[in-house]
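*Asks:* Sequence lines, in order, name chains A and B. Yeah, the first sequence ends on 166 if you go by numbering that gives the first Met the number 0, and it's all consecutive. Yeah, the second sequence ends on 138 if you go by numbering that gives the first Met the number 0, and it's all consecutive.
Keep in mind that a hint or two might mislead.
To be verified - Reference listing, derived: stretches of chain B covered by chain A, where coverage requires no fewer than 3 residues with Cβ under 8 Å from a Cβ of chain A: (1) 8 to 19; (2) 41 to 52; (3) 73 to 80; (4) 86 to 98; (5) 115 to 127.
Derived by calculation from the structure, the hints in this document are not laboratory data. Where a beta carbon is used, it is the ideal one built from N, C-alpha and C, also for glycine.
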Amino acid sequence: MGTTDTAAGTRRRGFPVTGLQAGVVMAIGAVAAGSFFEVRPPDAYGICMACHGRDLVNWVVNDLTGWRLTVAPASLVFPLLTVVGVVIGGWIAAVMSGEFRFRKPSKPLKNFFHGALVMNFGLLAAGCSTRLALRLGAGDPLGAIGFGAMVVGIVLATFWIRKAAQR
Amino acid sequence: MTVAAVASLVVGIVIGFVGQRSRMCFVGGIRDWILVRDTFLLKGLVAFVLVSWVAFPLAALAGGEALGSFGTPIISAVLLTAIGGFGVGWVSILANGCPFRQHVLAAQGTGGSMVYLAGFFSGAVAFHTWVSPIVLELI
C-alpha cells in the first residue's frame, strides 16, 4: 500500500472544502448537467470518469483512424470533456493553494495496470465509482446492484490490505 | 450536443476544484472509515447519493428532463454489473483512490496517477477492441 491521503487532522491552506460540501456540489453539478445541459442519454450520465473518458478517447480514435469504437449517444457529435475539466480544475486549485508538486511514480507498471483494470471493470458495470453512486441516487436498480458490489469490493480489499500490512 | 461538451467542461472544472480542495474520493470514504473510523470522505459519498436522489425529481419539476423508467434488469446485465462494480471497488482500493481522485492527483503533479491515467485511457480502447467482444461472445 502506498501513501494514503486521508484528510484526518491535516489543516488545508487556501479555501478548505469539506468532503460533505464537495459531495453536495458534485451531486448538484451531475444532476444539472444531465437534466438541463443535454449530458444524456443514457440517464444519470452527469459525471462519470470512466464513461466520459472512454467517450473522449474513442471519439478521438474514431476521428483519427476511421474506426467505429463505442461512444455514448451524448458524445456522438462532440465528446464530453468532463475528464479535461477535472484535470484543469484540480490543477487550478493545486496551484492556487501551493500544493502542486511533481512526484515521480514509484511503481509505474503497477499504476498502469490498475488504471487499465479499473477502466475495464468500470465499463463492464457501465460506470466508475462516481456514476454508480449517481445511478443509485437516480433509482436505477442496476446502478444499485453495481454500487452494492462496489461497496463489497471496497470492504474486502480494505481488510485485505490491512492484513497484508500487518504481516 | 456542443452544449453538453461545454457544460461537461464547466462541471468538470468546478468538481475538479472542489475535489482537490476536499480530497474527495468515492472509495476512500469507506476505506478511511474501516481503517481509522474517519468520516470526512464518507460524509461526501453519502451526501452525493442523497442530494442526487432529491435533486433528480426537483430538476424535473423545475423544467429539466425527467429520468426515463429503468425497467427490470436482465440476469446477464445484473451479473456483469456486479462483477464490474466489485472490480472497480477492489482495484480502486489497491490503486489508492477512485478514478475521480486519480484525475485530481494527476492534476496536482502525482506521477503515479499520471501513469494510472495512461493505463485508464488505453484500457478504454482495449475494452472495446478485445474485452467487450469476448464478453458478448460468452453471454
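*Asks:* A separate judgement is required for each hint: does it hold in the structure or not?
*Replies:* Hint check:
| no. | hint | verdict |
| --- | --- | --- |
| 1 | 8 to 19 | holds (count 12) |
| 2 | 41 to 52 | holds (count 12) |
| 3 | 73 to 80 | holds (count 4) |
| 4 | 86 to 98 | holds (count 13) |
| 5 | 115 to 127 | holds (count 13) |
In summary, this structure violates none of the numbered hints.
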